Amino acid sequence: MGFLCNWCSYGGADAAGSQRKIYAPNVRVIRVMCTGRVEPEFVLKAFQSGADGVLILGCHPGDCHYKEGNYKALRRYYLLKKVLSQFGIEEERLRLDWVSATEADKFVDTINDMVATIKALGPLALSIPALAKGVSADFQEDTLV
Amino acid sequence: MKSKVGVYICSCGTNISDNLDFDELVSFTSSLEDVAYAKVHSLFCSEDGKNFLADDIIKESPDRVVIAACSPKEHEKTFRDVLQKAGVNPYLFQMVNIREQVAWVTDDKAAATEKAKAYIRAAVRRVSLNEPLEKKEIACNTDAVVIGAGPAGMESALLLAKAGRKVYLVEKNSFIGGRPARYEDVFPKMECASCMLEPGMDEVLHNEHIELFTCSEVRDITGFLGNFSVNIKKKATYVDKEKCIGCGTCYDACPVKVKNEFDYNLSERKAIYVPYTGALPNVPVIDEKNCLRMKGEDVICKEAFDLGLITQEEYEKNKTRECSLCKQACMFDAINYDDKEEIVLKDAGGIIVATGFELFDPAVLFQFGYGKIPEVYTSLEFERILSQTGPTAGKLLMKDSREPESVAIVHCVGSRDNNHHEYCSGVCCLYALKFARLIKKHLPSTSIYHIYADWCVPGKDNQAFLDSVKAEGNIRFIHTSLPMRADIMQEDANINILCTDVSGKKQEIFADMVILCPAMVPSKDTPALSNLLGITKSTDGFFAEGHTKLAPVSSNIEGIYIAGCAQGPKDIQGSVAQGAAAAGQVLSTLVPGRKLELEAASAEIDENSCSGCMTCIGLCPYKAITFDKEKKVSVINAALCKGCGTCVAACPSGSIKGKHFTDQQIFAEIEEVLK
Amino acid sequence: MAFYWCASCGGCEEAVVDLAEDILKVVAAVEFVFWPVAMDFKVKDVEALQDGDIAVSFINGAIRTGEQEHMAKLLRKKSGLVVAFGACAHLGGTPGLANFINRKTIFDWVYLNAPSVYNPDGILPQQKTMVEEGELTLPEFYDTVCTLDQVIDVDYYLPGCAPPPDLIMKAVEAILSGNLPEKGTVLAPDRALCDSCKRRDTKPEKAVIKEIKRVHEVLLDPVKCFLDQSVICLGPATRDGCGERCINANMPCRGCFGPTSRVVDQGAKFLSGLASIIDANDEQGIKKVIDSIADPAGIFYYYALPASMLRRKR
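Which chain is which? The protein sequence lines are A, B and C, in order.
Using our numbering, the letters of the first sequence map in sequence onto residues 49 to 193.
Using our numbering, the letters of the second sequence map in sequence onto residues 558 to 1232.
Using our numbering, the letters of the third sequence map in sequence onto residues 63 to 376.
Looking at chain A on its own, in the form it has when it is part of the complex:
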């Protein structure tokens, strides 16, 4: 799952397209106006919905179209990584990086690198239990204690 900001990284991804650069197809991009909009709930939602890795790409520090949104994203990113490791999710599954609107190569390299990293780690395989382990969802009279 990739969260790309409208002004820089999404433009970089488009630039990769204009230059017909081929990269791994297993990334799904969601466009936001600024990485400042990206919050931990989005990342967790992505993992919960089946993403094996999450990539947040924003403007380079100092270049944020909205001045400082990318710094807020950076702050949340580091704390979220720490919390994710406590959840047993490898740190490499979440990555934040900076790609400007002209950095087609950097975009492609970042995607390919991330895909390779995730492939090496394997699928996330979060088993969000619908119920506690091993018990059927239907109520059964004869399992009374």
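Since the hints were made in silico from the structure, they are not lab data.
These numbers were taken from a predicted model, which means no experiment stands behind them.
Don't be surprised by glycine CBs; every beta carbon is placed ideally from N, CA and C.
Incorrect hints may have been included.
[Claimed, not checked] For the chain A half of the interface with chain C, some residues (derived, Cβ under 10 angstroms), not all of them:
1) P88
2) R124
3) V131
[To be verified] For lysine-lysine, the following BS3-like pairs were computed, each having C-alpha atoms within a straight-line distance of at most 30 angstroms:
4) B/K1094 x C/K350
5) C/K349 x A/K130
6) C/K268 x B/K1094
7) B/K1188 x C/K232
8) C/K286 x B/K1180
9) A/K69 x B/K596
10) B/K634 x A/K154
11) C/K166 x C/K350
12) B/K1189 x C/K260
13) B/K693 x C/K268
Fit chains B and C to the supplied structure of chain A, relying on the hints for placement.
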């Protein structure tokens, strides 16, 4: 709730259809729940395509529209306009990028098709959650406050006045013209500075649209673009501008003599004074700190009488009272001792900050001897010496009235020096050459030394200027390395200067006078003004421009512009250009009769949900969020919000809605695209 | 009315007792058909009821054993309304923190490795065992703690550890009068704690976090906002309605009321708010502040881990 989603898929000629299974994509899309139909076209962005789209939408009247084509950065606006004209709210629309981010970057057709399907499926789900946002407008004031009446500020004021806007020009000094009011000539054409500035200054004083406040400061501002309220403090000057004709009789009468700061203490002035002959407005002010009456001293009359400044009669009349010599001398009753400080409130739509620069104080670099050795001057001090209105009436004289036989000019003092200012101020080499030329003009046989690190002479005429000064001869150039270091010591009647040139050789010279070219630094009110207005500074202390290349006169606050040396060191030409640019910003953003359009996809705080935790307030770079102390909730000013969503993400109780990028919309997109 | 406890501490039962005289009003209006802590009803009494006979069952405690799951389902079947009573039923509560580990880790510690355990033969409890008289069974102990609504359909939630008496009375009165809000509502105000916290007025408008201290590392000022004292307080991310019992005892909020209705994952939202105001923009500066937070996941998900998006450690 079921939506009727109309999907339009573009083949972009064959750009898209060549690289994925187009038919499969179309049939997949048609089969999606909520999708009423999936139609194709080879080029939706063409006139034909747009017409097809508009007509079809009118015919089919879908609730929502999805267009799968190129990047939204390419044509989202195009299609939003089409939808608007076809009667569909432009925000009930989602654009899917299946060209730049799918067809053009995937070589496996099957994978590309899957990716495109996922994106379309996600967009269909997301668009059902989109809301029909309406663009809002607010009325705006089209007048401006300009802070600083130097070249930049005056240019802004004049252009705005020309367009009929009211300009409130606030100047902290008693005179206008800024730094150049101190110069005799300006490089590279060696024009007379006052002649150059005079017409503009005159216009500033007499233009009916410009209200000039001298000896004034901006104390507070509230509001936002188009709706500022500015609080101006007018100091008491004790002289009525309307009555005074500038004859100068009052300052002749004043018995107090103090150092004149305009001349950097190289000359004296009275307690009632104009800083220099020809200062505009030509109205003196009373210096409260030194005026005997204001200080409460009444011994003056006796002293004045003893000095023969007043007659016996005047002495008898005045001796038991406070000094009123200036008032008595004035034939136009222009002096008013009861003048008080006044606070004036003005409304404006835009603010231009043109507060200029000062020089780095070279006293901290002990080796240069500034402040210890009497004949070591800064460039601005030397400008006064050269000026006809200065301490020596323009004659090149040392403090003991001798003519200097040798003058050394030291470049880069405190500049290009990581311990002080790492930047180059860009004008010093040029005025150093100006000095050389003027020294030669006054005293042709005086030797001149330039101790320099590099020649910074960009621009159309400046290289030629350097060449012509060099060609005059009798100038010795000592090329040193950075940072500029020279040991300057007083040795008997001479000044001894020791430095090392680039080849490592020690150079020793003797001079009668030394002129230092210090770095240009932001004027000392910059930090306070930065806090007051909420505009950011860059690491070097100057006000930060919005973008180095593309927004040189914008600040981080909409409606507040910066111009001239307040933004960074530059020459007069640069300051005037920025002054004009800032005026241009005001003229184009605030148009009489036109309302300001606000970002529709902005953030909104529900006051029934907000708990007043204030987490969001410090996060907004546009200061769009304030705290309502009565309701104890945070409030977003829709006129300032740019819709970045930073506050939306940070709100710990989820009370800020990021319109068009709500949690629900993004969650839906995430869920659907990963299925 | 029925009152049942699952993986809980008994505090919620005591909360009912805390109603003091008001309990008489409740007792007068209702008939308790099942309340293990207070009355001697048996499960078969519940089984004998018709479906829907119980007007409302208040179930507290999280679900982590087979018995609790079974009882929750039984009560659901026999009840008109089910109210998840207390933080454990609502969010998983502190028992939910066990979702950072699993059954094996717990059993190994409790029965084998804890310092005071003497179990040389390494005997672990089993679900079934044969004795002379026949087969004995114990409820299955699950790996994962669940909230009540992850196991059965829940109508309303009374949040808090434990829900305060006034909130309980309001809920009971609403049920008795039939004046109930939309199904699924949490029966507490929908604003964060800061709304009624007395310390809010001491907060600077543009607060920043330069470091985090733990409550024992700082002499806590009884008037100033905790976040302003560099101490983590989950107030901004926690629903209001508890009466600031902890705050008034000079301890920061730990989030027991859970998030507002606009937030899905309380820990994640709090993380976002806290991190956003860290006073640094570079990796080094940010990490320095984060390193001062010992166990962020444990603090942010103190009460709401099973209800969170990830639910448990992988």
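Hint by hint, here is what the structure shows:
The beta carbon of A/P88 comes within 4 angstroms of a beta carbon in chain C, closer than 10 angstroms, and the hint placing it at the interface holds. A hinted interface residue such as A/R124 counts as satisfied when its beta carbon comes closer than 10 angstroms to some beta carbon of chain C; here the least separation is about 4 angstroms, so the hint holds. For A/V131, the shortest C-beta to C-beta distance to chain C is roughly 5 angstroms, which falls under 10 angstroms, so the interface hint holds. Taking the CA atoms of B/K1094 and C/K350, the gap is about 26 angstroms. The hint holds against a cut of 30 angstroms.
Among the hinted pairs, C/K349 with A/K130 is consistent with the structure: their alpha-carbon atoms are about 10 angstroms apart, no more than 30 angstroms. Proximity of C/K268 to B/K1094 is assessed by CA-CA distance (about 18 angstroms); at most 30 angstroms being required, the pair is judged to hold. Among the hinted pairs, B/K1188 with C/K232 is consistent with the structure: their alpha-carbon atoms are about 26 angstroms apart, no more than 30 angstroms. The straight-line distance between the Cα atoms of C/K286 and B/K1180 is roughly 25 angstroms, inside the 30 angstroms bound, and the hint therefore holds.
With a CA separation close to 29 angstroms, the supplied pair A/K69 and B/K596 stays within the 30 angstroms bound. For the hint pairing B/K634 with A/K154, the CA-to-CA distance comes to about 27 angstroms; that is within 30 angstroms, so the pair holds. Among the hinted pairs, C/K166 with C/K350 is inconsistent with the structure: their alpha-carbon atoms are about 35 angstroms apart, more than 30 angstroms. Restraint check: the Cα-Cα separation between B/K1189 and C/K260 comes to about 12 angstroms, which is no more than 30 angstroms; the hinted pair holds.
The straight-line distance between the Cα atoms of B/K693 and C/K268 is roughly 29 angstroms, inside the 30 angstroms bound, and the hint therefore holds.
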